[in-house]
Each structure stands twice: as structure tokens, then as C-alpha cells.
Amino acid sequence: MDIVVCIKQVPDTTQEIKIDPKTNTLIREGVKSIINPFDMYAIEESVRLKEKYSGKVTVISMGPPQAEEALREAISLGCDEAILITDKTLAGSDTFVTSYVLACAIQKLKNYDLIICGKQASDGDTAQVGPGVSAHLDIPQVTYVKKIEEIKEGIARFQRMTEEGYEVIEVFLPALITVVKEINEPRLASLKGLIRAKQININRWTRKDLNLLPEDIGLKGSPTQVIKIFTPSRRLGGEILQGEVDQIIERLVEVLKREL
Amino acid sequence: MIDYQFTEEQIMIRDLCRKIAQEKISPIAKDLDEKSEFPSEIMKLLGESDLFRVFIPEAYEGFIKTKFGGLLNLCIATEELSRVCGGIAVCYAASALGTFPIILYGNEEQKKKYLPDLASGKTLAAFALTEPEAGSDASNIKTQAKREGDFYILNGTKHFITNGGEASVYVVIAMTDPKKGARGASAFIIEKGTPGFSFGKKEDKLGIRASVTRELIFSDCKIPKENLLGKEGMGFVITMKTFDISRPGVAAQAVGIAQGALDLTIRYAKERVQFGRSIFSFQGIQFMLADTATEIEAARSLVYSVAKTIDSGKLDIAKESAMAKLFASDVAMRVTTDCVQIFGGYGYMKDYPIEKYMRDAKITQIYEGTNQIQRNIIALQLIKEALK
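Those sequence lines, one after another, are chains A and B.
Using my numbering, read the first sequence as starting at -8 and increasing by one per residue.
Using my numbering, read the second sequence as starting at 419 and increasing by one per residue.
Computed far set for chain A versus chain B, every beta-carbon distance over 10 Å:
1. Ala82
2. Pro131
3. Arg148
4. Asp237
5. Gln238
Label-pair ranges, simulated between beta-carbon atoms:
6. A/Glu206 with B/Ser444: 47 to 57 Å
7. B/Glu644 with A/Lys189: 34 to 44 Å
8. A/Val22 with B/Tyr770: 29 to 39 Å
9. A/Val22 with B/Gln759: 30 to 40 Å
10. A/Pro223 with B/Lys726: 50 to 60 Å
11. A/Pro223 with B/Tyr770: 33 to 43 Å
12. B/Arg695 with A/Gln233: 47 to 57 Å
13. A/Asp11 with B/Ser696: 24 to 34 Å
14. A/Gly156 with B/Ala708: 58 to 68 Å
15. B/Glu452 with A/Ile191: 36 to 46 Å
16. A/Leu243 with B/Arg685: 48 to 58 Å
Mimicking DSS-like on lysine-lysine, the simulated pairs with C-alpha atoms at most 27 Å apart in a straight line are:
17. A/Lys183 with B/Lys442
18. B/Lys448 with B/Lys540
19. A/Lys172 with B/Lys462
The hints are simulated quantities; they were obtained by calculation from the structure and are not laboratory data.
C-beta: ideal position from N, C-alpha, C; glycine also.
Given the sequences, and given the hints that come with them, work out the whole structure.
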């Protein structure tokens, strides 16, 4: 089985983070970069599938050249091949463009049975790129997967986590899933893996390798516009209405009229 | 920081062990110490992480390109693990102790049979010499191995055996010719599960409580003659040569315990306020910490130097190896005692982790030859060298 894992390198927000009080953005200097924590579960699951069904795991990331470090870490954890999509013209891409570019790269790979992503990235928190990739590739998607029940004869059955419990969903392969942290416990890299990661050649693909048009990518191709980033003001405590039901209703209507 | 010129691989070993120690061992060390419970999960993880391969030759699924080596690798790993738990570290290092005689003296069949599984961590090894009446006086062992046709029949009891019951492969020293004294001892490889081989008392120890120390009982235990390691009568040579190369491992354990204690104590001294300021600001405390850090670095330098010398192929290193073990373990005992002192009353309480370091340190002055025996070894070499 051929598996593709999409990962993102993010600032390590599991440690203490600092916000620039003027711009309200994260101070990135001195902050370590790590693999998006949710993607660690995607990597682990893909390696487990490979161990169970045999096959190959290709890990892909779109990002600046230093994202190579994240790909090497993925190799140390058991992925077989790594591709870094990096190009200056990709800077400023939103989730629409990112998922489009990743989809183009996966298409170029030709053979793939399953694409695994983390449920969302810890920096943007959009949870859009995974589903976006499946939409661009026009393949089924199952988000928030907490268990892979079975993969047999081109059909896969997953448990998809919901707020109340889980749904069991069956799809034809190839398909894309995004995984939650309940799915597994990621392993630590072995020495063999670390040595391999140090030596391996990371494939670099640019805009031209994927035949992408400049107007379709980067800031230009991105329909999303970030107007402002700010820290929301603290919510004040609510008011609890007490008394007889009739009185409460009257009071509630009054409050609502005033507030609206 | 001194640059010890680690290879890339050695830096990986250090960082990986540090990560395992901090993320996986630290949360459970106190509990395993209290319950005196063997760290099976951690041993499995060390195996999966390839950490038993670092002192085993490539031909037997290890990483070492020479016939023997990887001692510095072992020391680095042991030190990092000991920094968080000296007990768990010794389970790892004791397997190396049991593996070394097979690497050094095993024939091709023996190596092929045992080393690959020891390299992957699928099996653990142990070394069994000590008996109730034979501690420092190792030549007084009573366990006998009688040759009967194609077999040896073993009878006797070994005690204080690290990894006893948990290891699958045991290198056991027994007398094949009691009349010859020390020259009548031989080494055998004995597998767990061999009829007549059972485990006795499990010791309740002061420190390194996560490790298991147990009696091995041989009662008409019949083993094929192919399990003889080296030749008959070589038992003590094998023992001494094994200890010469394993002692830096104990020394590294001592360095790790001392460093771990210092790490905790510096943090505590900065936070603890008395007389309106942190106790770190007092010169009395500063001098203790400065001496401690200096002694640890000196011990570390000695340990690494000896390990590197062995890795370069010079295995005739009894004196220096004894020096490393003697010095590092004495440093560890002194340092951990001082660290408890700096913690004051809190240091004496089990709510704080520092007392464990003091308990764990003590054994390093005792096992793989007491420090008095180390001094004997050093003095004997001094005389030999003077007479040359």
C-alpha cells in the first residue's frame, strides 16, 4: 500500500510563547520549529500501516527550505521518501492554494492509496488543508479519524470521532483521512532511523516541477485575505436570571431587545 | 563545555537517550523505585531505539565496524539514562556486561546464536560470578560444572545477579576443576528455561531499585558442551577481561547519577529562599556546587578517555579502567551526599527526588569490584610497571 503523509512545520507552541504586543503576532525569533503535533499521529499511523500491509510512505511538505528539517524527522520516524515543495512564488499561499499545490504534487506521484494528514495545524488551526487536498483530487475524505478498522480490497473502514461518540465510515480507495490524537501514540525515532534521516536525499520540487502558473499560487492565487490578527478581548461573565419562569422570560426578552 | 569530539552517531545516541530519559523514564522513575519494579517497557523501548546495537559488531546486527568497540557509545547512553534513573540505567548496562564475554570469547556459532537477539533488545543478558561466599574473593566460588560426555552438569548458587530472572542469556562462571583454584574456573552460556536452572531470592535493595538483583540456582542443570565459552580453565581470565572493559560503564553510571543530582540541586538552590535570598547566592553553597561540577567533569573526562582507548583496540587497560570506576563512583557518592545537604531537610524526604540519587550512587562503589579491589588492581599494575 502506498501512503502519502502531508506535514507542516510549525513554531513550537508547546513551549512558552511570546506575542509581540504591537503587532499581536507570534514572536518567531528563538522559537524552535517542530512538526505540527497532529501530523505526528499521521506519520505514526502511516508507518504502522506500512508495517502491517507493507508498501511505501512518502512524506510531503510545502514550506520554506528549512522545512527540510521536519521532513528529515519524518524519515527518522519511519517514512521512506520525502518531498519538499519549496518556491519563493508560493509565499503567502492560503489554505486553498496550499491544498491545491499539495494535490498537484500527489498527482505527480501517481500511485497512492491513502493520504493521511493531521486534523489541523497548531499555528493556523484551520483544519482546511486536508479536506482541500481531497477536494482538488476529487477523492473521498474522512476527517477526525480515531481508528482505522480495516483496509481490504480497495475499501477502507474508519472510525470518525464526533462530539458524542464515533461514526463508522467506509470509503473506496484512494481516499484522504485526517487523524486525531486518539488514533495512536507516536514512537520515538530509532538510531537506525536517525542515521537514515541524516543521509537521505530530500527531493525538492519547485513551481516549475509541478507546472503551476504564478497567478494560481502564492498571495495572488489565494482568495483568503487576512484583514487583521488580534487577541480577542476577555469575555465578561454572563448574567444568570433567577425566579419564576414567567418573570425570567419577560426579563430575558428585555435583555435581548436591549443587546440587539 | 568541553568538546569531547563525539562522532555524529554519538551525538545522536546522547540526544536520543536524553529524550527517552526525560520523556519516558522521568515520569515513572519514582514509582518503579518505590515498588522495586523492573522497567520492562523501557527495556523494550531501548531495544526498538537500537541502543543495544551500539556496542555489538555489525556482523551480528550491531553498529560496530570493528571486532570489539562501542564502549564510548555505551558510556554515553548509560550516563544519560543514569542522569534520570540509575536503576533503569543499570538494567541496560548489565546486559552489556553479559554480552561482552560473548563478543570477546564466543566462537562463531555462539555469536551468531546469541548476539543478534541481544542487539535488537529481544533478549537481555546477565553476568553471574558472585556467590554468598565469593564476593571480592572471587576465586572462592563453589558452583561446579562437571563434564559428563557431551554435557556439563552444573550445581550451585549465584547471588546478587543483576537482571536475574529478566535476562534470557546468562554467562555463568563455575569450577570445572576445583583443585586448580582460580585456574580451574570456566565460563558457560546458560539460557533461561534450561531444566535445573531456576531463580531464587529477589533482593530488596537500598538503591537502583528499578533493577532486579536475584539468586540463580543450578541443580543438576545439564547444558551441552557447546555452551562452554572459550576453553576450560579460562573462567577467570574471561571475568577479568570482561570487567576491564565493563567498568567504564559503571563509571559512566556514576557520572550520570552525579550529574543528575547536580542538575536538580542547582535548580533547587536558585529557588530556595532563606534569610531573604536564594541559597545559591551564599558563597558556602556556591563553593560546594563549583567543587561538585569540577569533580564530575574530571570523572567524565577520565571515563571517556578510557572508553575511547578501549574503542581504539587497546583492551589491556585494567589499571585505567579501575581508576575510572574508582574515581567516578567516589565522586558520585560525595556529590550526591553534598546535594542532599544543600536540599537540607527537604533533601532527606522522599517527596523530593534527590535522596534517590544518594541511594543509587552507593552501589557504584561496591559492584563490579569494590573500590578497595579497584585500588588493589591499580597498585598491582603500579608494581608490575615499576619492575619492568
